[in-house]
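Colleague: Which chain is which? The protein sequence lines are A and B, in order.
Sequential numbering of the first sequence, starting at 1, is according to the numbering used here.
Sequential numbering of the second sequence, starting at 1, is according to the numbering used here.
By construction, these hints were calculated from the structure, which means they are not laboratory data.
Please read these numbers as outputs of a predicted model, since none were measured by experiment.
Just so you know, not all the hints are guaranteed correct.
[Stated by the list, open to error] Here are the simulated lysine to aspartate or glutamate pairs, DMTMM-like style, with alpha carbons at most 20 Å apart: (1) K107/B <-> D84/B; (2) K57/B <-> E75/A; (3) K71/B <-> E26/B; (4) K111/B <-> D84/B; (5) K99/B <-> D79/B; (6) K99/B <-> E82/A.
Single-letter residue listing:
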Amino acid sequence: KAGVTQTPRYLIKTRGQQVTLSCSPISGHRSVSWYQQTPGQGLQFLFEYFSETQRNKGNFPGRFSGRQFSNSRSEMNVSTLELGDSALYLCASSSRTSTDTQYFGPGTRLTVL
Amino acid sequence: QQQVKQSPQSLIVQKGGISIINCAYENTAFDYFPWYQQFPGKGPALLIAIRPDVSEKKEGRFTISFNKSAKQFSLHIMDSQPGDSATYFCAASILGFNKFYFGSGTKLNVKP
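Same shape as in the complex, but just chain B (with noise of 0.2 Å):
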């Protein structure tokens, strides 16, 4: 069973649009969710990450979204960039305990 679900699987955005990631969770026991950032040949890098008790996190142009009655959360990217084009998963854990369940990732490509 997938703990984590991601959607889209790829996105194309123009540069200076915004690029909207959806992520939905089964496990309501989750209390911390990342959003990683990978380029080829790296490993996947933490953007940016938020807990069940905010509904919004903002770090510059990247912002989650989180609606914990509906399982879900979202990460938004405002006036994408050229070199945002990335791969961007998703995570889930329960606090503490070091096991992360990922999404399958979303493939993102900025167009100049």
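Same shape as in the complex, but just chain A (with noise of 0.2 Å):
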């Protein structure tokens, strides 16, 4: 089975833009999660999206949105970046089987100039 696949890998926007990245989680997988990792304050939970709706949410502003389509590719979507938004982006699939194990993506490297 391929992976936990996210894209861009990497990314350069300037503060005021929008961005949005795409994840597509491992296939028969219909749970998605994004996290996002900094080296301060490590590994937070953004979003979990199942079926369609979100199911979980952290504690991230409004500017942090996302969605989930019919196949169960996921997009996250971050306007009016900040410089403290500069990350590692990480999605999450799991097949919410009793184990609820978690698969990771490779992130997508976002700077904000």
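Grab the two chains, each in its own frame, and use the hints to assemble them into the complex.
Modeller: See the structure below:
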């Protein structure tokens, strides 16, 4: 099975712009979660989507949003970018079996200038 | 409030030695505790996980010890190898909710 894929892998934006990141989960996985990873704050949960519905949400401002499509692919959008949004954005998928194992993608490295 | 606290921040171990990483959690509702391994340029990969109904779980050279009363759990890497050099994260969640709280990470360096 192919793993979780994320595109693009690297992205450079300027303050005030918006950005959309994409995640394709493992085939058959219906849950997609997004995390922000920074050296200072570590891995922080953004949100989780299951069957096109946001089921869990972390403590991030409304500038961070996401959606999931019927094929389980997910996108994350950040509007009005700030310097502090520079981070590695990780997507993880799971099949929602009893093990709740999450499989992470390689991430998208976002740099905001 | 940090839900999961991890220590140490970095660890240097000689090849063949034992690496020990500790985590403590606050929320007694947590009932799933995975450990992830992350290499540079890669996403975290699940290493081993435990539920609070057992006190220890072993998979190869990796062992999780769990102390429910102390709200602590630890990862032991036996016979540490240079290939184990990576950043390790503990995490906690409520089973079925897919919302994970991660520790701050431990950068392990195994010297040959």
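Colleague: Compare the structure with each hint and give your call.
Modeller: How the hints compare with the structure:
1. Under the criterion of a C-alpha separation no larger than 20 Å, the hint pairing K107/B with D84/B is consistent with the structure, at around 10 Å.
2. For the given pair, K57/B sits about 36 Å from E75/A by alpha-carbon distance, which is inconsistent with the 20 Å threshold.
3. Under the criterion of a C-alpha separation no larger than 20 Å, the hint pairing K71/B with E26/B is consistent with the structure, at around 7 Å.
4. At most 20 Å may separate the alpha-carbon atoms for a hinted pair to count; K111/B and D84/B meet this at roughly 10 Å.
5. Pair hint K99/B plus D79/B does not hold up; C-alpha atoms about 33 Å apart against a cutoff of 20 Å.
6. Our distance criterion of 20 Å between C-alpha atoms is broken by K99/B and E82/A, whose separation comes to about 25 Å.
Of the numbered hints given earlier, the model fails hints 2, 5, 6; all others are met.
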